[in-house]
Each structure stands twice: as structure tokens, then as C-alpha cells.
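**Student:** Next come the chains, spelled out residue by residue.
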Amino acid sequence: MMSFAGGVLIGLAAAMLILVNGRVAGISGIVGGLFVPRRGDVTWRLAFIAGLLGAPLLALLIGVRSAPRIDAGLGLLLAAGLLVGVGTSYASGCTSGHGVCGLSRLSPRSLVATLAFMAAGMLTVFLLRHIV
Amino acid sequence: MNAVTAFLAGLIFGVGLILSGMTDPGKVIGFLDIGGSWDPSLAFVMAGAILVGFFAFAFARRRAQSFLGAALELPQRRDIDRRLVAGSVVFGIGWGLAGYCPGPALVSFGSGQPKAAVFVAAMLAGMLIYAAAERRRPYFANL
Numbered sequence: 008m009m010s011f012a013g014g015v016l017i018g019l020a021a022a023m024l025i026l027v028n029g030r031v032a033g034i035s036g037i038v039g040g041l042f043v044p045r046r047g048d049v050t051w052r053l054a055f056i057a058g059l060l061g062a063p064l065l066a067l068l069i070g071v072r073s074a075p076r077i078d079a080g081l082g083l084l085l086a087a088g089l090l091v092g093v094g095t096s097y098a099s100g101c102t103s104g105h106g107v108c109g110l111s112r113l114s115p116r117s118l119v120a121t122l123a124f125m126a127a128g129m130l131t132v133f134l135l136r137h138i139v
Numbered sequence: 002m003n004a005v006t007a008f009l010a011g012l013i014f015g016v017g018l019i020l021s022g023m024t025d026p027g028k029v030i031g032f033l034d035i036g037g038s039w040d041p042s043l044a045f046v047m048a049g050a051i052l053v054g055f056f057a058f059a060f061a062r063r064r065a066q067s068f069l070g071a072a073l074e075l076p077q078r079r080d081i082d083r084r085l086v087a088g089s090v091v092f093g094i095g096w097g098l099a100g101y102c103p104g105p106a107l108v109s110f111g112s113g114q115p116k117a118a119v120f121v122a123a124m125l126a127g128m129l130i131y132a133a134a135e136r137r138r139p140y141f142a143n144l
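Those protein sequence lines, which keep their order, are chains A and B. Start counting the first sequence at 8; every next residue gets the next number (this note's numbering). Start counting the second sequence at 2; every next residue gets the next number (this note's numbering).
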């Protein structure tokens with residue numbers, strides 16, 4: 008179960024960030040925080056993002072391969088990115104902040120957020136694949 | 002030191018996303034496609050992550066400080082407001098359109114995937130629009 012093993016790694020990384028750095032591993036929050044910069048609160052964000060960007064290289068070195076299938080064209084990617092950027096900002100979190108860290112904390116806010124973005128994602132795919 | 006451990010956490014997080022299949026939009030859309038040939042395997046990503054995360058956050062809650070002596074910035078809000086729900090719905094629509102959420106998009110961008118670069122640029126623009134809009138409000142929402 009590669010999915011489960013990957014999930015455990017994600018959990019370990021989130022555990023490390025909260026226990027060592029005292030911060031929640033919510034990707035949209037970590038990135039979004041750069042747009043309202045505060046002294047002493049920028050470096051760790053950039054370092055974490057650098058780690059994410061460097062992950063494909065490490066994965067390659069340890070033999071983890073991926074062949075992503077990306078069906079979306081340019082227009083759809085732009086629209087999707089914009090919606091994800093605005094939506095996660097208003098919701099104060101995304102799949103990692105609410106879906107992983109929030110549910111781990113048994114946060115009712117995160118449960119509502121996770122159910123909402125899962126349902127919206129499923130409905131969108133349903134409309135896109137089976138109706139339009 | 003904070004930067005080193007944050008970098009390592011990002012690295013491990015990213016490898017976890019790649020290993021789990023989250024950086025493959027086709028697989029993500031397969032997971033969201035409950036009306037088609039549903040691929041439930043990504044549910045195990047969340048299960049694995051929460052299994053570890055549950056104990057980590059339970060332990061964190063009982064501590065006053067992080068291992069590096071920083072404040073433990075655990076979210077405190079418990080109110081469910083319109084911004085949370087509407088924002089999550091908007092995010093979910095975007096997630097379903099392309100199959101990318103923020104973490105996997107950044108990791109794919111790091112692998113040199115041009116389509117991920119387009120998505121990330123638009124996502125950053127969306128966050129910038131939000132930050133600019135919030136500046137006109139009397140307070141900042143906690144990001």
C-alpha cells in the first residue's frame with residue numbers, strides 16, 4: 008500500500024513540524040503567510056517550501072517514481088489554481104491543514120471544511136466527467 | 002535550526018505526497034470520481050497521515066513549547082462560519098477541475114512540470130488577491 012506508506016510519511020512530517028518547530032503543516036497557510044509577512048516568520052516558511060520543491064529530486068534518488076497524468080489544459084489550470092488560492096485562503100486551510108492536521112486534532116472546523124471540499128471536488132468531477 | 006528542520010519536514014512531506022500518488026492529478030480525479038470507476042486508494046493517504054498525526058498532536062497539546070523552544074501555534078478557533086464553508090467549497094471546485102491541491106502542485110512544480118507551474122502561478126495570484134482584499138478589512142483572518 009504505497010498510498011498508506013506515503014500517508015504515514017506525510018503524518019511524520021506534520022508531526023515533526025508541530026513538535027520541533029511548533030507550526031501546523033498546512034501548505035496553503037504556510038505559503039499564504041508569505042503575503043502577510045511578519046518578522047521572524049518568513050524563513051521557516053521558505054525553508055519548508057524549498058523542501059517540498061526538492062522532494063522530487065530526493066524521490067528520484069531513492070527510486071520512487073511517478074508518472075503524473077494531467078488532463079487539464081491551460082485555461083482550466085489557471086481557473087483551478089485561482090479557485091484553490093482564493094478558496095484555501097478564505098477557508099484558512101486545504102487538504103493538509105484541515106484534512107490531515109485538523110482531523111488529527113479532531114477539530115470540528117476542519118471536519119466541516121474537509122467534508123465541504125471533498126463534496127465540492129466530487130461534484131465538480133461528476134459534472135465535468137459525466138454531464139458536460 | 003528552525004529553517005533546517007522546516008526544510009527536512011517539507012522534504013519528507015513532499016516525498017510522502019509523491020509516494021502516495023497525490024502528485025498525480027489523474028489519480029486524484031479518479032479518487033473524486035465516485036460516479037465513475039472510483040479509485041478509493043487515496044483515502045489511505047489520509048488514514049496513514051492521521052494515524053501518525055493524531056498521536057503527534059495529542060502529544061503536542063500537552064507540551065508548553067516545541068522541542069526548539071518555540072511556541073506551539075495550535076489553532077484555537079472552533080466556530081464554523083460562512084468563510085470556512087464557502088472557501089472550502091471554492092477550493093474543492095478548483096481541486097476537482099485540475100486534480101491539484103496546494104502541496105502536490107508545489108511538489109510537481111519542483112519536478113519541473115510546466116502545467117504545475119501554471120497552476121502554482123494562478124494559486125499564488127489567488128492568495129495575493131485574498132491578501133489584498135483582507136488589507137481593506139479591519140483585521141486579518143488567520144491564514
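Quick caveat, the hints were computed from the structure, so don't treat them as lab data. Built from N, CA and C at the ideal position, the CB exists for glycine as well. It cannot be assumed that every hint is accurate.
[What the hints assert, rightly or not] Here are the simulated distance ranges between beta carbons:
# : chain 1 : residue 1 : chain 2 : residue 2 : range
1 : A       : 68        : B       : 87        : 39 to 45 Å
2 : B       : 80        : A       : 134       : 39 to 45 Å
3 : B       : 136       : A       : 81        : 40 to 46 Å
4 : B       : 133       : A       : 49        : 15 to 21 Å
5 : A       : 46        : B       : 68        : 18 to 24 Å
[What the hints assert, rightly or not] For the chain B half of the interface with chain A, some residues (derived, Cβ under 10 Å), not all of them:
# : residue
6 : 5
7 : 14
8 : 120
[What the hints assert, rightly or not] In silico contact screen, one side only, chain A against chain B (beta carbon under 10 Å); selected entries:
#  : residue
9  : 16
10 : 30
11 : 33
12 : 34
13 : 54
14 : 105
**Student:** Each hint: holds or not?
**Tutor:** Status of the hints after comparison with the structure:
| no. | hint | result |
| --- | --- | --- |
| 1 | A/68 to B/87: 39 to 45 Å | 42 Å, holds |
| 2 | B/80 to A/134: 39 to 45 Å | 31 Å, violated |
| 3 | B/136 to A/81: 40 to 46 Å | 30 Å, violated |
| 4 | B/133 to A/49: 15 to 21 Å | 19 Å, holds |
| 5 | A/46 to B/68: 18 to 24 Å | 23 Å, holds |
| 6 | 5 | 7 Å, holds |
| 7 | 14 | 4 Å, holds |
| 8 | 120 | 4 Å, holds |
| 9 | 16 | 3 Å, holds |
| 10 | 30 | 6 Å, holds |
| 11 | 33 | 9 Å, holds |
| 12 | 34 | 4 Å, holds |
| 13 | 54 | 4 Å, holds |
| 14 | 105 | 7 Å, holds |
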